[in-house]
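K.L.:
So you can see what is in the structure, the chains are spelled out below.
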Amino acid sequence: MDLSELIEIAEHERASRRSIRIRCCTALGCQSAGALSLKQRLEEAATEVERQDIEVIGVGCMGLCGNGPLVMVDPDGVLYEHVRAADAPSIVAALDGGEATAPLGDPQHPFFTGQKRIVLEHSGIIDPERIESYIAAGGYQALYHVLHEMTPADVIDVITRSGLRGRGGAGYPTGLKWATVAKSHGNRKFVVCNADEGDPGAFMDRSIIESDPHKVLEGMAIAAYAVGADQGYVYVRAEYPLAIQRLQKAIAQARRLGVLGAQIFDAGFTFRVDIRVGAGAFVCGEETALMASIEGRRGQPRPRPPYPAESGLWGQPTLINNVETYANIAPIIRHGAEWFASIGTETSKGTKVFALTGKIRHTGLIEVPMGATLRQIVEEMGGGVPDGHVKAVQTGGPSGGCIPATLLDTPVDYESVQRVGSIMGSGGMVVMDDATHMVDVAHFYMEFCKDESCGKCIPCRAGTAQMLHMLDVIRAGQATPADLEQLEQLCLMVKETSLCGLGQSAPNPVLSTLKYFRAEYEALLNHNADRATTEP
Amino acid sequence: MAVTRSQRPTPESAPHPSGDNRFRLLEAAMKKHQYRPDALIEVLHRAQELFGYLSTDLLLYIAHSLHLPPSRVYGVATFYHFFSMAPKGQHSCVVCLGTACYVRGSAAILAAAERHLGIKAGTTTPDGHISLETARCLGACGIAPTVVVDGTVTGHQTPEQVLIWIERLAQMVE
Amino acid sequence: MAARTFTINDQLVSGREGETILEAARENGIYIPTLCHLDGVTSVGACRMCLVEIEGSRTLRPACVTQVVEGMVVHTDTERLRNYRRIIIELLFAERNHICAVCVANGHCELQNLAIAIGMDHVRFDYAFPVCEVDISHGRFGIDHNRCVLCTRCVRVCDEVEGVHTWDIAGRGADARVITDMRQPWGESTSCTSCGKCLLACPTGAIFRRGATVSEMERDPTKIAFIVAARDQRW
Chain A
1 MDLSELIEIA
11 EHERASRRSI
21 RIRCCTALGC
31 QSAGALSLKQ
41 RLEEAATEVE
51 RQDIEVIGVG
61 CMGLCGNGPL
71 VMVDPDGVLY
81 EHVRAADAPS
91 IVAALDGGEA
101 TAPLGDPQHP
111 FFTGQKRIVL
121 EHSGIIDPER
131 IESYIAAGGY
141 QALYHVLHEM
151 TPADVIDVIT
161 RSGLRGRGGA
171 GYPTGLKWAT
181 VAKSHGNRKF
191 VVCNADEGDP
201 GAFMDRSIIE
211 SDPHKVLEGM
221 AIAAYAVGAD
231 QGYVYVRAEY
241 PLAIQRLQKA
251 IAQARRLGVL
261 GAQIFDAGFT
271 FRVDIRVGAG
281 AFVCGEETAL
291 MASIEGRRGQ
301 PRPRPPYPAE
311 SGLWGQPTLI
321 NNVETYANIA
331 PIIRHGAEWF
341 ASIGTETSKG
351 TKVFALTGKI
361 RHTGLIEVPM
371 GATLRQIVEE
381 MGGGVPDGHV
391 KAVQTGGPSG
401 GCIPATLLDT
411 PVDYESVQRV
421 GSIMGSGGMV
431 VMDDATHMVD
441 VAHFYMEFCK
451 DESCGKCIPC
461 RAGTAQMLHM
471 LDVIRAGQAT
481 PADLEQLEQL
491 CLMVKETSLC
501 GLGQSAPNPV
511 LSTLKYFRAE
521 YEALLNHNAD
531 RATTEP
Chain B
537 MAVTRSQRPT
547 PESAPHPSGD
557 NRFRLLEAAM
567 KKHQYRPDAL
577 IEVLHRAQEL
587 FGYLSTDLLL
597 YIAHSLHLPP
607 SRVYGVATFY
617 HFFSMAPKGQ
627 HSCVVCLGTA
637 CYVRGSAAIL
647 AAAERHLGIK
657 AGTTTPDGHI
667 SLETARCLGA
677 CGIAPTVVVD
687 GTVTGHQTPE
697 QVLIWIERLA
707 QMVE
Chain C
711 MAARTFTIND
721 QLVSGREGET
731 ILEAARENGI
741 YIPTLCHLDG
751 VTSVGACRMC
761 LVEIEGSRTL
771 RPACVTQVVE
781 GMVVHTDTER
791 LRNYRRIIIE
801 LLFAERNHIC
811 AVCVANGHCE
821 LQNLAIAIGM
831 DHVRFDYAFP
841 VCEVDISHGR
851 FGIDHNRCVL
861 CTRCVRVCDE
871 VEGVHTWDIA
881 GRGADARVIT
891 DMRQPWGEST
901 SCTSCGKCLL
911 ACPTGAIFRR
921 GATVSEMERD
931 PTKIAFIVAA
941 RDQRW
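Residue numbers (this note's numbering), protein chains in the order written: chain A, 1 to 536; chain B, 537 to 710; chain C, 711 to 945.
Hints are supplied without guarantee of correctness; some may be wrong.
Chain B regions said to be covered by chain C (calculated; three or more residues, Cβ under 8 Å) [said to hold, decoys possible]:
| id | region |
| --- | --- |
| 1 | 581-587 |
| 2 | 591-600 |
Not everything, but these chain C residues come out facing chain B in the computed CB check (under 10 Å) [what the hints assert, rightly or not]:
| id | residue |
| --- | --- |
| 3 | V779 |
| 4 | M782 |
| 5 | C868 |
| 6 | E870 |
| 7 | S899 |
Computed spacing ranges between beta-carbons, pair by pair [as the list claims (entries may be wrong)]:
| id | chain 1 | residue 1 | chain 2 | residue 2 | range |
| --- | --- | --- | --- | --- | --- |
| 8 | B | G687 | A | G336 | 41 to 49 Å |
| 9 | A | W339 | C | E737 | 52 to 60 Å |
| 10 | C | D787 | A | W339 | 31 to 39 Å |
These aren't lab readings, by the way, just hints derived from the structure by calculation.
Think of the CB as a built atom: it goes at the ideal place given N, C-alpha and C, for glycine as much as any other residue.
Can you make the complete structure from the sequences, with help from the hints?
P.N.:
Below, the structure written as structure tokens:
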């Protein structure tokens, strides 16, 4: 495989396209609403009218998952929502001036126009199950460029200057992480893609893999070249069968074309990728637990240092980044560090993908420049709460917090979100309305953390159980003001003493709701309750 | 019955000594991973796929094959919620309790299903017909609340709709 | 090996390169409470009792796995640390059924000693009172899960010193239990050599000698370090 062959594939793919393309979303959300039978009916309808200029293709996520199945017709840019299989013939007939029976969507809605798509640039446009479709969109050219025209140090320099920070939640500078792994000595090095998207309410990584798997693989290959690794692992949740299936297909196709495997692009660079399927443990999103799981052990974290960059998988230097981080790599190589650094805010560069869910009119996946305000995202793009008002926006899942409506003008970047007591997290954004009781929300997350605690360290194992119990007592109306104070003390203790990120952030939903919605807790207190202590 | 690395005279195509073809498929999966101890989770996935659940005997067989202490295999199998140590029902109904589903009322759906089936989430009806389970998040939050009926994800569910699904499953007696 | 000079609680101390804060502190006569640490086996930093403050570090660090650095300033006994240690002990007491008055290890228990050293005279949290098993199927030893603090000292000593790995942890979180082999009764474990090292390693009354009654379960965990040293030096 060389550049001319790559370009040939791309040109052949583009030349064989037909002028009218009916794009049907086949990502999980739309599949669940019947997109597969719809796609089949569209194909049949196109065949029936005997037009050679129409093609029906399955694509990845178009974003507006709540209104699926979605169908987009090019080149006119007509969007149909809630399409049933029975609507298929009318959509094809509409090309000849007929009337489609499916509701029309508005591609000019702020939900679409407010986005800046870098990670999702091909999502909903290319066919995720065909590598040729990705290559036609310029895919794998960044990898070729890197292997033939850049040294590993050059690549790290570009990533560092771009200002890209880890999209898994903590926001660690990606270039710095790569440089550390590159400098570390080991017999072998590994590159790991963390696709263990465990935060309930988040589905960015699933969607990226389902919609554009090769982009993640290309990013991983570039990273492997930069740090000197020859083996990669993608750790995916077992709950994402479609993502696993598409990734498997993508890896097989990439191997067949020689863009993964030995001697990639005849550049003396070898990189293999294997999938490791998780088995239902939220804590495996923590990097040391994830590595333990890849090694076939209980997914329990260990103290850091040593960091994975020095001693990771099987004691070797290991680079771990999240799906979205890898998906940013090829565009940065293609357009340059300066281009990327010009997007976003002073400290948070580029864009961020969010999964917008909960009590909101337009649920789905959006990508916005860093620094967009919560109000722009929730009210303008998401269309606000259908009947009622936004009460709070929960970001960062069980590790994050609830941001009240009064702070909707907070710009979304790593520092600002942290300043208001939440975290950016991986990108889940759950909108809550007036009907949501915040003590219940705190209880919901604490139950989650208690169930997912691995049990290794005492503050997390016994602390989450105790915090959950105390929330139960409060909800039952049997807690005193002293109990509330004790809960707060326990939260701080668990936050500061737990071994890993799960425990350290488990109290966040309680602390943030206490900070902004304390009255809801106080209304449940009983000032006369008699609460005893026990002697051992 | 445990077959160790040093004593495996039978070729891959020959029937497994136990007479159960599933062991031959499990053996192939372990061979693909060169019987490496770190492939344990991959092997457990395959075993559960083949046998439906992980019995003590099966875990012991895997432990011997991968040269792992039995307690370690048991420890790993019970750490991950995806692995089941007990047989599942013929049909399954999984209610997602992720945040987006929770905010949109999945608790009421689960309660209705529990009441209707007369069992708690995480258990199977006494006749072994339907297992009622919960999920952390299926990542299908765009169509919340979601319920998975026999592997098919359905969105925008209500308690009434879920009872219809369950009724349909109940009528599918084998 | 190069020496490292640093400060613990305003006292200038020296340690060796590669040594942990805990080791250096002990050599210099400074007490840091520990529970899951056991001389002779790998440290896991799980109980969080040995957390210390290091100036310039954003987070508290476990002394048992943190290596000494030239010039570091460590505090092991601040108000904050004392408070957190007390809560850890209280959480442990509330988590299972630790009733000292009827325990075989009463008077010889590391958990009890820690509670006394910290001055924890009552537990402010509600007790969980979980239902836990007592397994006396083994001919010589027994395990009472009511007293287990999941420190994994038995798991590590069985794996690293005896080399058998009879013990492991099953389940997770609050439901986690130490198990033998396939979670079968200890007496039916086929891998157990009945060497008794887990008995030496257990900090509480969880693993006990059969026949021992209240307060009779004395043990000497330093024997583990002795065995490891003896093996290393091939006496």
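K.L.:
The structure should be examined with respect to each hint, and the outcome stated for every one.
P.N.:
Status of each hint after checking the structure:
{"no.": "1", "hint": "581-587", "result": "violated (count 0)"}
{"no.": "2", "hint": "591-600", "result": "holds (count 3)"}
{"no.": "3", "hint": "V779", "result": "violated (33 Å)"}
{"no.": "4", "hint": "M782", "result": "violated (36 Å)"}
{"no.": "5", "hint": "C868", "result": "holds (9 Å)"}
{"no.": "6", "hint": "E870", "result": "violated (13 Å)"}
{"no.": "7", "hint": "S899", "result": "holds (9 Å)"}
{"no.": "8", "hint": "G687(B) <-> G336(A): 41 to 49 Å", "result": "holds (45 Å)"}
{"no.": "9", "hint": "W339(A) <-> E737(C): 52 to 60 Å", "result": "holds (56 Å)"}
{"no.": "10", "hint": "D787(C) <-> W339(A): 31 to 39 Å", "result": "violated (53 Å)"}
The structure is inconsistent with the numbered hints 1, 3, 4, 6 and 10, although it conforms to all the rest.
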